[in-house]
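Numbering (my numbering), first residue to last: -17 to 386.
Treat the hints as calculated values from the structure; they're not laboratory data. Just so it is clear, the structure is predicted and the values come from calculations on it, not from any experiment. Take these hints with a grain of salt, some might be off.
[What the hints assert, rightly or not] In the DSSO-like style, the derived pairs of lysine-lysine whose C-alpha atoms are separated by at most 27 Å in a straight line are:
hint	residue 1	residue 2
1	Lys214	Lys194
2	Lys227	Lys214
3	Lys347	Lys333
[Unchecked claim] Label pairs and their calculated CB-CB ranges:
hint	residue 1	residue 2	range
4	Ala134	Ile8	51 to 57 Å
5	Tyr82	Leu128	23 to 29 Å
6	Ser384	Asn322	20 to 26 Å
7	Glu350	Arg279	25 to 31 Å
8	Arg279	Leu128	28 to 34 Å
9	Leu136	Ile8	33 to 39 Å
Ideal Cβ placement from N, Cα and C applies to all residues, glycine included.
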Amino acid sequence: METSIETHYYVLNDGTSAPVRKAHRISMERLLRHYGLAFAFVFSALVLTLPLQQLFPHPFLFLFFAGVVASAWLGGMLPGLFAVLLSTLVVDYFFVPPLYSFAVKATEVSYFAAFVICSLLASWVSASKKKSEEDLKEARTQLQMLVAERTAALQQSTTELQENERHIQLLTEVIPQQVAPLLLVPTTKAISPAPLEQVLSEVVDFTTSVLKCDSCFVYVLENDELLLRASKNPHPEAVNRLKLKIGEGIAGWVAQHGQPVAVSQNASQDPRFQFFNDLPEEHFEAFLSVPLLSRGRLVGVINLQHRSPHRYTDRQIRLISAVGLLVGAEIELARLEGENSQLSARLETRKVVERAKGIMQRDLKISEEEAYLTLQRESRQRRKSMREVAEAILLNEEIRNSRE
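All chains should be built: construct the whole structure from the sequences, respecting the hints.
Okay, structure coming up:
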């Protein structure tokens, strides 16, 4: 039979747990010590009273009262009553006539009864006062603990308020002031949006400065797919190659539902997790993915990852989501501007090629198709773009016209 952990916690024969037996043993030792003190106090009173008795005509019993009070104070009610019982027997035997006998003369009954009653009262008063002081001390201790707990809670609340203020400042002041200049580059004519690669790089840097992490990926929605366009180490080679379909992996799920996902540990065991061969050696425990939105439309997804377990607080999730809302429009603007630039470049190239084709048709007496094929052949042979070949033809035409 396999031994359970609890087996090491119990003693073999009686099955009583070791802590319970230890507490019982300590309780017995304390009880014996209290009764032993009561016996010692009564015995000391007896030893001290015997020689003093010769100085008084009547029994001198005040030291026994002191012993009863001390026994009740240190041990409680029961040891105090035990001291009363011992004192009663000792006083009856040694000090109340007839001496050395437990009998009591009729003339001494009232005196002896008064001693017993006074002893009981002294024991009760001493034990009650001790109990009151212990209760007061316990109440004071509980009050100190309560004050400490409330102080800790107040300090935590103060820390949370300070963190909230910092987050609000980030959202209302720092983020707009830091992100906006990064998303615009000055030109000689006007202010134009920065290239998409620069915008995404600044988004990665700013996001990782807000929330420290081991990895940060920014996916941009292109042709109904999420394309990895920027990353914080360790896999720059995967940029512009790694693609995710909508709904694929945690980032794809976020893109599909438009909601953030936070996994504090064992991210690879999440049913939405997607393993990539492009990232074979990475194993991230924690994962935070938030959507990038522009006017309610999906632009991309930001992924933050930690190699060790990390609990993402609601504030951190809201903060990164706010960053996603703020930079989403700028990413969309930069992407559209890039597309417009590409279209403009294509249009300009087409114009240059068309003019070069016209010159070749006129000078070489060839058709438009033959002129185009000639440009293609020259482009391949000279390893230059068709635009560069066409611009060379236009330059040659300008030089020739200037000589005429």
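Take the C-alpha atoms of Lys347 and Lys333, compute the straight-line distance between them, and say whether it is at most 27 Å.
Measuring from Cα to Cα gives roughly 21 Å; hence the hint holds.
Tell me if the straight-line CA distance from Lys214 to Lys194 falls inside 27 Å.
Measuring from Cα to Cα gives roughly 11 Å; hence the hint holds.
Assuming the hint says 28 to 34 Å, is it satisfied by the Cβ distance from Arg279 to Leu128 or not?
violated (53 Å)
That 25 to 31 Å hint for Glu350 and Arg279 (C-beta), does it hold up?
violated (43 Å)
Straight-line alpha-carbon gap Lys227 to Lys214, limit 27 Å:
Roughly 22 Å separates the two Cα atoms, so the pair holds.
Are Ser384 and Asn322 spaced within 20 to 26 Å by their CB atoms?
Since Ser384 and Asn322 have Cβ atoms about 35 Å apart, the given range 20 to 26 Å is violated.
So the hint says 33 to 39 Å: do the beta-carbon atoms of Leu136 and Ile8 match that?
holds (38 Å)
Taking the beta carbons of Tyr82 and Leu128, is their distance inside 23 to 29 Å?
violated (59 Å)
Within 51 to 57 Å: is that where the Cβ-Cβ distance between Ala134 and Ile8 falls?
violated (32 Å)
In summary, the structure is inconsistent with hints 4, 5, 6, 7 and 8 from the numbered list given earlier, while agreeing with the others.
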